[in-house]
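Protein chains: 4
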Amino acid sequence: MAGTRFSYVKTFELPDPLLPETYMVLRLDGHGFHKFSDTHGFAKPNDERALQLMDAAAAAVMDEFRDVVLAFGESDEFSFLLRKKCTLYNRRQSKILSTLVSFFTSVYVLRWPAFFPDTPLLYPPSFDGRIVLYPAQQHVRDYFAWRQADTHINNLYNTTFWALVQQGGQSTTQAHETLKGTVASGKNEMLFSRFGINYAALPARFRKGSVLVREVPKVEPELDVDAAGGVSETDACQDAVPPTTSAPSKRQKKVVVVLHEDIIENQFWDDRPELLA
Amino acid sequence: MAGTRFSYVKTFELPDPLLPETYMVLRLDGHGFHKFSDTHGFAKPNDERALQLMDAAAAAVMDEFRDVVLAFGESDEFSFLLRKKCTLYNRRQSKILSTLVSFFTSVYVLRWPAFFPDTPLLYPPSFDGRIVLYPAQQHVRDYFAWRQADTHINNLYNTTFWALVQQGGQSTTQAHETLKGTVASGKNEMLFSRFGINYAALPARFRKGSVLVREVPKVEPELDVDAAGGVSETDACQDAVPPTTSAPSKRQKKVVVVLHEDIIENQFWDDRPELLA
Amino acid sequence: MAGTRFSYVKTFELPDPLLPETYMVLRLDGHGFHKFSDTHGFAKPNDERALQLMDAAAAAVMDEFRDVVLAFGESDEFSFLLRKKCTLYNRRQSKILSTLVSFFTSVYVLRWPAFFPDTPLLYPPSFDGRIVLYPAQQHVRDYFAWRQADTHINNLYNTTFWALVQQGGQSTTQAHETLKGTVASGKNEMLFSRFGINYAALPARFRKGSVLVREVPKVEPELDVDAAGGVSETDACQDAVPPTTSAPSKRQKKVVVVLHEDIIENQFWDDRPELLA
Amino acid sequence: MAGTRFSYVKTFELPDPLLPETYMVLRLDGHGFHKFSDTHGFAKPNDERALQLMDAAAAAVMDEFRDVVLAFGESDEFSFLLRKKCTLYNRRQSKILSTLVSFFTSVYVLRWPAFFPDTPLLYPPSFDGRIVLYPAQQHVRDYFAWRQADTHINNLYNTTFWALVQQGGQSTTQAHETLKGTVASGKNEMLFSRFGINYAALPARFRKGSVLVREVPKVEPELDVDAAGGVSETDACQDAVPPTTSAPSKRQKKVVVVLHEDIIENQFWDDRPELLA
Chain A
1 MAGTRFSYVK
11 TFELPDPLLP
21 ETYMVLRLDG
31 HGFHKFSDTH
41 GFAKPNDERA
51 LQLMDAAAAA
61 VMDEFRDVVL
71 AFGESDEFSF
81 LLRKKCTLYN
91 RRQSKILSTL
101 VSFFTSVYVL
111 RWPAFFPDTP
121 LLYPPSFDGR
131 IVLYPAQQHV
141 RDYFAWRQAD
151 THINNLYNTT
161 FWALVQQGGQ
171 STTQAHETLK
181 GTVASGKNEM
191 LFSRFGINYA
201 ALPARFRKGS
211 VLVREVPKVE
221 PELDVDAAGG
231 VSETDACQDA
241 VPPTTSAPSK
251 RQKKVVVVLH
261 EDIIENQFWD
271 DRPELLA
Chain B
1 MAGTRFSYVK
11 TFELPDPLLP
21 ETYMVLRLDG
31 HGFHKFSDTH
41 GFAKPNDERA
51 LQLMDAAAAA
61 VMDEFRDVVL
71 AFGESDEFSF
81 LLRKKCTLYN
91 RRQSKILSTL
101 VSFFTSVYVL
111 RWPAFFPDTP
121 LLYPPSFDGR
131 IVLYPAQQHV
141 RDYFAWRQAD
151 THINNLYNTT
161 FWALVQQGGQ
171 STTQAHETLK
181 GTVASGKNEM
191 LFSRFGINYA
201 ALPARFRKGS
211 VLVREVPKVE
221 PELDVDAAGG
231 VSETDACQDA
241 VPPTTSAPSK
251 RQKKVVVVLH
261 EDIIENQFWD
271 DRPELLA
Chain C
1 MAGTRFSYVK
11 TFELPDPLLP
21 ETYMVLRLDG
31 HGFHKFSDTH
41 GFAKPNDERA
51 LQLMDAAAAA
61 VMDEFRDVVL
71 AFGESDEFSF
81 LLRKKCTLYN
91 RRQSKILSTL
101 VSFFTSVYVL
111 RWPAFFPDTP
121 LLYPPSFDGR
131 IVLYPAQQHV
141 RDYFAWRQAD
151 THINNLYNTT
161 FWALVQQGGQ
171 STTQAHETLK
181 GTVASGKNEM
191 LFSRFGINYA
201 ALPARFRKGS
211 VLVREVPKVE
221 PELDVDAAGG
231 VSETDACQDA
241 VPPTTSAPSK
251 RQKKVVVVLH
261 EDIIENQFWD
271 DRPELLA
Chain D
1 MAGTRFSYVK
11 TFELPDPLLP
21 ETYMVLRLDG
31 HGFHKFSDTH
41 GFAKPNDERA
51 LQLMDAAAAA
61 VMDEFRDVVL
71 AFGESDEFSF
81 LLRKKCTLYN
91 RRQSKILSTL
101 VSFFTSVYVL
111 RWPAFFPDTP
121 LLYPPSFDGR
131 IVLYPAQQHV
141 RDYFAWRQAD
151 THINNLYNTT
161 FWALVQQGGQ
171 STTQAHETLK
181 GTVASGKNEM
191 LFSRFGINYA
201 ALPARFRKGS
211 VLVREVPKVE
221 PELDVDAAGG
231 VSETDACQDA
241 VPPTTSAPSK
251 RQKKVVVVLH
261 EDIIENQFWD
271 DRPELLA
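Protein chains in written order, with the UniProt record's numbering: chain A, 1 to 277; chain B, 1 to 277; chain C, 1 to 277; chain D, 1 to 277.
Same shape as in the complex, but just chain A (with noise of 0.2 Å):
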């Protein structure tokens, strides 16, 4: 037949299994987010409608893949937690990192109308993406810490550079300058001193980042996505565990929330031991 004698070609396709029974983190990352962010006109230091639509992709990652069980998002970057188990596409490396990235992707620009409903993107976004393993509970929880304790550090520097340029009228080498060497608190007595900003007051989201989890919703429904066209009950895959009751039954399906809270305590995971199991 025409493709036989070519077909040798596949013995080239090396297997790329990841090892069993270990923890996945995929992150991917803006490709040139500096840029793409001044071309679109992102506000500084922080742009919610791009905040907004970064979590409805990853949302969209977590309806879509139920091996998903956590995602931490802050600026133009988000993890998933696979769980341990996971036997997604028999573990292999090069489709599991392709196909979530290509499907965070694709919701992305697919939603971003409804995010910047008065700037039409001007050149394709993309995103680039690794999956690391963590053969152990306490390994994910740093992994996460770590994230976390990095939006807590770019948001109290960012915000107080840009409080220097917007409000200070500092030029912005002026404001590297003036914050080089300085410490959190130092940051922090410069935004109330200077600008009247208390910074504990801003919103969580930029603060703590953005918290993924599937939950039970409370009887006021998480609108936080829900509002710009996100994630809804609707669209929300229902929970493997049927009722055990014949009461309605629409309370017990669990949908993708978003929480902007602390995960670095214990806390969290202590209320969430699926997420590790």
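Hints are not guaranteed to be accurate.
Since copy identity is lost for identical chains, a pair holds within one copy or between any two.
As the list claims (entries may be wrong) - Listed next, the in silico DSSO-like pairs over lysine-lysine satisfying Cα-Cα at most 30 Å (straight line):
#, residue 1, residue 2
1, Lys-10, Lys-44
2, Lys-95, Lys-10
3, Lys-85, Lys-95
4, Lys-35, Lys-85
5, Lys-10, Lys-180
6, Lys-44, Lys-253
7, Lys-253, Lys-35
8, Lys-208, Lys-180
Source of the hints: derived by calculation from the structure; they are not laboratory data. In this text, all values refer to a predicted model and were calculated from it rather than measured experimentally.
Could you slot chains B, C and D onto chain A? The hints should help.
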């Protein structure tokens, strides 16, 4: 500092460089495109709009990444050849794979309305990908021959199958039965005698797939993709080689062009020694 | 300089670090030992000299590489557990694998005459090896249980097989036939009723394999291997923990000892929490 | 069955095939051979017995593994070229690496007494190894050129260094100082003017290293290794190509021979096109 005690988790990020001086072929495939094409009303056996959108996304990849010197597409898959000496991202596999698949996806979604003006995207399309290394020129030749032979085999089958269904009134089950065990000549004969279709006269795009290379455009610019808002001289990257005379240089810029010609025989490769350099 | 223009070839050496904080198990097997054991007249079903030589080589590996905390051997194979925190050779896979297999082989050949004084080596014995990573304690427990269960299964089969041949006068073909489809209890019964062999009374070395750990020796030193010139207090490495009293410290040095006891149940592991630390 | 519930641990054994149709170079190095050579009284700057033992072990590797078509050795290292089409052990990296390094080590220890009749082995010598892939002929040429250039550089340095110490009465510290910053011509001149040594007249083995290939022996058989009990026509494998005439075929069997000639220039390779086939 806050993040320091957690940052050890970075040591779990293992290096993944690809062997130097080997040809990389990145192949991506539509994820669940059987359902996607049904949902979005793709014409059978070939949807010209969908194929042109694939070509446009591939051309954008080539405009963005100069190391991609050749691309070949059929149906919902595309293969990209990165030149042997490519040092993009220090040849880190995950970085190259995720970035290119993400960029392709982004363009696919972004340009969708230009190719499907009357068909809104109902859900996010996505692609998976993998990188295969080939050590020698012959392997690369045979890889692309394999894909083009596959295009022919699939298209002949699908063309006959849908003729039996659409013109012959068979059910899809009957059509599969009719074709069971037939060879190429039998299908050609069946197309001609029962449906008056001369297979060789069908559009080359369907029979040969799409071949993307960089070329100095002829006086009549390549309009294949342009027509639908795709590649044009304007957004194509300028060739690195500067013009050597003071004559008008516009003609000497290479642009990505879409061909539908044979890449199995020697001619194509003999004309473009730079592809395998 | 002379070598400079060629030294680019070093860039083809790719990194191969193993995932941090996972247990490494290196298993090595005799290469072509069916023929090797025949050529060198190994006793059937078990050759005590050959097993002791294996133990001596494994003990030497543990004396040389402190990261190896446990070894288990049967027949012509040995498995080594490297502790989770091991950073030997920066966890480079090829370096660890080749060095340990080479060292084991070297000791095997070097000490051969001490165990086979009347049997010269007719050709070089060799071993192949591989490293497998296990993320959690339970995996390590189950790995070693798997090998010890295998020891039992093989030994029971071989013991019955060779009784049929050596005492029962069957050909090897007949003996295979006789054993086809039998279960453990059937073989035990056959051994006892036909050959007067009480399987449970056979040497523990044959039934349980060899388990090597580091221990503070009891007043009566472990002589198992010593007798044949193997491990002794003299050439064993000193434990890193210094003596905590002024009493004579000789007793407190840990040495590698060879045990033949159960490692499937909890007791062995409960007594040695440091193995899985 | 007893082993069944544990056998899942096998799923952690990941595949490790090497890219097809690339040249493999396996390089092994003595582990801690600075101390080993001191302890066993190796002559400085070169110990002929030790080099011949290395050659004998390498020749045995070539006799055992027909896929090894070339070997190059200097000091305590050896590089083996496996032909591009090699499918040994399905190209599994760990299997190939461990088996060849183990076999080399085994021969080294087994034949030690033949080369060092008066020097018993005081402890087990060992080697580490790695496999590097090269996609093209030129890379392989350059790899071996790199090693032979290294041989020259090291040997010229060591010869001058030990002349300064042994004949010039310098301490090793002084000798290092004397040589600091010198170039090749300076060392040649120093050897000749101060010690009457014509570097070019030193044994080719020291200056060029050892090159092992398979050849149809000339009427006078290669005795280089034979003399010390190494390679001989008797234990060399028969070449796969059958004799093409009815003439006595003994002469046409290829055997491994040890050469000490230039492999940087074209001649060596032009004479042996099969090496890079």
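Verification of the supplied hints:
For the homomeric pair Lys-10 and Lys-44, the shortest alpha-carbon distance between copies (28 Å) is at most 30 Å, but the shortest distance inside one copy (49 Å) is not. For the identical chains of this complex, Lys-95 and Lys-10 are neighbours both inside a copy (16 Å) and across copies (23 Å), given an alpha-carbon limit of 30 Å. For the identical chains of this complex, Lys-85 and Lys-95 are neighbours both inside a copy (17 Å) and across copies (25 Å), given an alpha-carbon limit of 30 Å. Only between protomers do Lys-35 and Lys-85 lie at most 30 Å apart by alpha-carbon distance; the minimum there is 28 Å, versus 39 Å within a single protomer.
For the identical chains of this complex, Lys-10 and Lys-180 are inter-copy neighbours only, at 25 Å across copies versus 55 Å inside a copy, given an alpha-carbon limit of 30 Å. With identical chains, the CA atoms of Lys-44 and Lys-253 are never at most 30 Å apart, being 37 Å at best within one copy and 39 Å at best between copies. In this homomeric assembly, Lys-253 and Lys-35 come within 30 Å of each other (Cα to Cα) only across copies, at 26 Å, whereas the closest approach inside a single copy is 41 Å. Proximity of Lys-208 to Lys-180 under the C-alpha cut-off of 30 Å is restricted to the intra-copy arrangement: shortest distance 24 Å within a copy versus 58 Å between copies.
In terms of the numbered hints stated before, the structure departs from hint 6 and from no other.
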